[in-house]
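Engineer: These are the residues of each chain, in order.
2 protein chains.
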Amino acid sequence: MSKFQQIAIEIEKYIKENSLQKGEKLPIIDELKAKFGVSKSTILKSLDMLERKGVVYQVRGSGTFFRGQKPRGFVSLLSNQGLTNNLNDYKITSEVIKFCTSKPTQEVAHHLNIGMDNELYCVKRIRYLNEEALSLEESFFNKSIVMYLNNEIVTGSIFRYIKNGLGLKLGFSDRYLHVDKLSAEEANYLGLEQGEPKLKVETIYHLKNGQPFVFSKINYSYKQSKFFLQTHNDSFEVTHA
Amino acid sequence: MSKFQQIAIEIEKYIKENSLQKGEKLPIIDELKAKFGVSKSTILKSLDMLERKGVVYQVRGSGTFFRGQKPRGFVSLLSNQGLTNNLNDYKITSEVIKFCTSKPTQEVAHHLNIGMDNELYCVKRIRYLNEEALSLEESFFNKSIVMYLNNEIVTGSIFRYIKNGLGLKLGFSDRYLHVDKLSAEEANYLGLEQGEPKLKVETIYHLKNGQPFVFSKINYSYKQSKFFLQTHNDSFEVTHA
DNA sequence: GAGTGGTCTAGACCACCCC
DNA sequence: GGGTGGTCTAGACCACTCT
Numbered sequence: 000m001s002k003f004q005q006i007a008i009e010i011e012k013y014i015k016e017n018s019l020q021k022g023e024k025l026p027i028i029d030e031l032k033a034k035f036g037v038s039k040s041t042i043l044k045s046l047d048m049l050e051r052k053g054v055v056y057q058v059r060g061s062g063t064f065f066r067g068q069k070p071r072g073f074v075s076l077l078s079n080q081g082l083t084n085n086l087n088d089y090k091i092t093s094e095v096i097k098f099c100t101s102k103p104t105q106e107v108a109h110h111l112n113i114g115m116d117n118e119l120y121c122v123k124r125i126r127y128l129n130e131e132a133l134s135l136e137e138s139f140f141n142k143s144i145v146m147y148l149n150n151e152i153v154t155g156s157i158f159r160y161i162k163n164g165l166g167l168k169l170g171f172s173d174r175y176l177h178v179d180k181l182s183a184e185e186a187n188y189l190g191l192e193q194g195e196p197k198l199k200v201e202t203i204y205h206l207k208n209g210q211p212f213v214f215s216k217i218n219y220s221y222k223q224s225k226f227f228l229q230t231h232n233d234s235f236e237v238t239h240a
Numbered sequence: 000m001s002k003f004q005q006i007a008i009e010i011e012k013y014i015k016e017n018s019l020q021k022g023e024k025l026p027i028i029d030e031l032k033a034k035f036g037v038s039k040s041t042i043l044k045s046l047d048m049l050e051r052k053g054v055v056y057q058v059r060g061s062g063t064f065f066r067g068q069k070p071r072g073f074v075s076l077l078s079n080q081g082l083t084n085n086l087n088d089y090k091i092t093s094e095v096i097k098f099c100t101s102k103p104t105q106e107v108a109h110h111l112n113i114g115m116d117n118e119l120y121c122v123k124r125i126r127y128l129n130e131e132a133l134s135l136e137e138s139f140f141n142k143s144i145v146m147y148l149n150n151e152i153v154t155g156s157i158f159r160y161i162k163n164g165l166g167l168k169l170g171f172s173d174r175y176l177h178v179d180k181l182s183a184e185e186a187n188y189l190g191l192e193q194g195e196p197k198l199k200v201e202t203i204y205h206l207k208n209g210q211p212f213v214f215s216k217i218n219y220s221y222k223q224s225k226f227f228l229q230t231h232n233d234s235f236e237v238t239h240a
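Respectively, the protein sequence lines represent chains E and V.
Be aware that the first sequence starts at 0, since it is given in numbering that gives the first Met the number 0, and climbs by one per residue.
Be aware that the second sequence starts at 0, since it is given in numbering that gives the first Met the number 0, and climbs by one per residue.
Errors might be hidden in some of the hints.
[Said to hold, decoys possible] List time: in silico DSBU-like cross-link candidates among lysine-lysine, alpha-carbon distance up to 35 Å:
1) K207/E to K2/E
2) K52/E to K180/V
3) K39/E to K162/V
4) K168/E to K44/E
5) K97/V to K225/E
[Said to hold, decoys possible] Reference listing, derived: stretches of chain V covered by chain E, where coverage requires no fewer than 3 residues with Cβ under 8 Å from a Cβ of chain E:
6) 25-34
7) 45-58
8) 176-187
9) 204-213
10) 222-231
Rather than coming from a laboratory, the hints here were simulated on the basis of the structure.
Note that this is a predicted model, so its numbers are computed, not measured.
Here a beta-carbon is modelled for each residue, glycine too, at the ideal position from N, C-alpha and C.
Construct all of the structure, not just a fragment, from the sequences and the given hints.
Structural biologist: Put into C-alpha cells, the structure is as follows:
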C-alpha cells in the first residue's frame, strides 16, 4: 500500500484514539510531515483522500478539521461494495431464490457491453437485516470475468469474494435511483403489500480498467432503507458554459 | 481560477469537440503536459478532478479514457447545488407556499448548530418540472449567514443567489435519504394520493469553513424523480479494522 | 504579520499494461 | 521492453484566516 494511504489510515486512527469531536482541529500539515517523515504533497494527498471520504474538511489559512461521526444504520451510497461493509453492526443474511447461468436480455447485454450470446451468472436473492426483509436483489455477472460462483458464495457477500477470492480490481460504478410502487411479486418477497413504496436502484459496476462486469437491480423495502451521502465542492460546479 | 481547473475545463471541451465516445482514449499525460506547458502533477490533478467528477477513468499502464455521456433527465446526487444546475434542458419553476422568518425547532437548531433564539428564513415551495409537480421542499436558512432573501429570489434558484449574489463559498453537505408514504397534506401539494411513494431527502449544507447554513427537507414525487450517482474506488474501501 | 493550507514545478523512480 | 499512469520529493510562491 502506498504511503499516502497508510498515512490516511493513521490519521483516521488518530481521530478515533483521541476521540475528536465534530469541528475539532487536526495537527497542522507541518506537524504531520515531521511525524511521518514525508513531504508536504504526501500529507496533502492523504488529507484530500480523507476529505473526499467525508472524514475531514480543510480550510485554507485555518486548518484541517474532523467532520464528525457517521450516522449509524445508514447505507452509504458512495462505496462500491455491497451492504456487508456498510452495516457492520447489523446482521445481514441472504436467501437465494434463484441461481443459474443464462444469456442476457437486451437490457443487460447493453449495460454490460456484451453480445447476446455471452454467458451470465444470474442471482436473485432477498437480503435481511436483523431478520427483517431489506431488499430484493437481482444481479447479472459477466461469466467471462466472474468465472466462478457457487451456492455458498452467493449466500454471503459476493463482492468480498470478487475482490478477495478472485482478486478482481473494482473501479467505478454508475447508479440510477428511482422511487416506485411494489409489484405483487416484489411485495410478496419483501413481506409488504402491492403498491407500497420501494426504492429501485440499478447499478453497473466496472473494473479498474473500465470493463463493466455486474449489473444489479435492487428493490429496497421502504421500511428499512435509510441512505446516507456526503458530497463536497471539489470545484465541482465548474462548467464550460 | 487555478491552472488545473482551467485545464480540466479545456479537457472537457476537447472531449466534447472531438465527440469522444464511451471508452475512447484521451491524449496521454506527456502530450497534455506539452500542450498546456505545465508540469505532470498539474495535469494529473486535472485528470483526477475529472475522474472524481465521473468524466474520465485512468488505467495505469494504459491511458485515460472517456467515461461516457451523462444520462439526461436525471438529477445528480453529487453536487451541492439545487436542481437548476442539474436539469438544464428542463423548465424548472417554483411556487412559494410560505416565506417567513422564525425561530428554529429543536431539530433544525441541532442540524444548523445554532441556539433556539437564532433567527431563520423559512421557505416552503413546490417545484415543477415542465409544469408537473416534482417536489415539495422546506428549507431553513441561518439568517446570520444568509442575511437577506426576498420573494423574488425565493421563487428562483436560491443557491445561485447564495453563491453569486451573496458570494458565500459552498463547501460540503450531508444528505439523508429514505423512502416513505405521502401524508395527506404532501399528497395534496404534489397532486398525488395519500400513501403513494415519495423520496424524502434531508440535506445539511455547509460553507467551505465548515459552518452549516441551510437545512432542507425535500419530498420528491415518485412520478418524476430519477436520480443518478457515480462512484469510484479512491481506495475507498480502506479501513483500519 | 504570523500561521496555515493550496498550487505548481522538475525530476526520480515505481507499477502496470500490452505487444 | 516500450508505453503510460502513480507516487513521492524538496522547495518556491501564493491566498486566505486570525488576532
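Engineer: Does each hint fit the structure? Answer for all of them.
Structural biologist: Okay, the hints, checked on the actual structure:
1. With a C-alpha separation of about 21 Å, the suggested pairing of K207/E with K2/E holds against the 35 Å cut-off.
2. With a CA separation close to 31 Å, the supplied pair K52/E and K180/V stays within the 35 Å bound.
3. Taking the CA atoms of K39/E and K162/V, the gap is about 31 Å. The hint holds against a cut of 35 Å.
4. For the given pair, K168/E sits about 21 Å from K44/E by alpha-carbon distance, which is consistent with the 35 Å threshold.
5. Between K97/V and K225/E, the direct Cα distance comes to roughly 28 Å. Compliance with the 35 Å bound is thereby established for this hinted pair.
6. For the stretch 25-34 of chain V, the assignment as covered by chain E is violated, since 0 residues bring a beta-carbon within under 8 Å of that chain's beta-carbons and 3 are needed.
7. Restraint check on the stretch 45-58 of chain V versus chain E: 6 residues with Cβ-Cβ distances below 8 Å, three needed, restraint holds.
8. Here's how the stretch 176-187 of chain V fares: 5 of its residues keep a CB closer than 8 Å to some CB of chain E, so the rule of at least three is met and the hint holds.
9. Counting residues of the stretch 204-213 of chain V whose beta carbon lies closer than 8 Å to any beta carbon of chain E gives 4, which reaches the threshold of three, so the coverage claim holds.
10. Figure legend: the stretch 222-231 of chain V, annotated as covered by chain E; annotation consistent (8 residues with Cβ-Cβ distances under 8 Å, at least 3 required).
Checked against the numbered hints given earlier, the structure breaks only hint 6 and satisfies all the rest.
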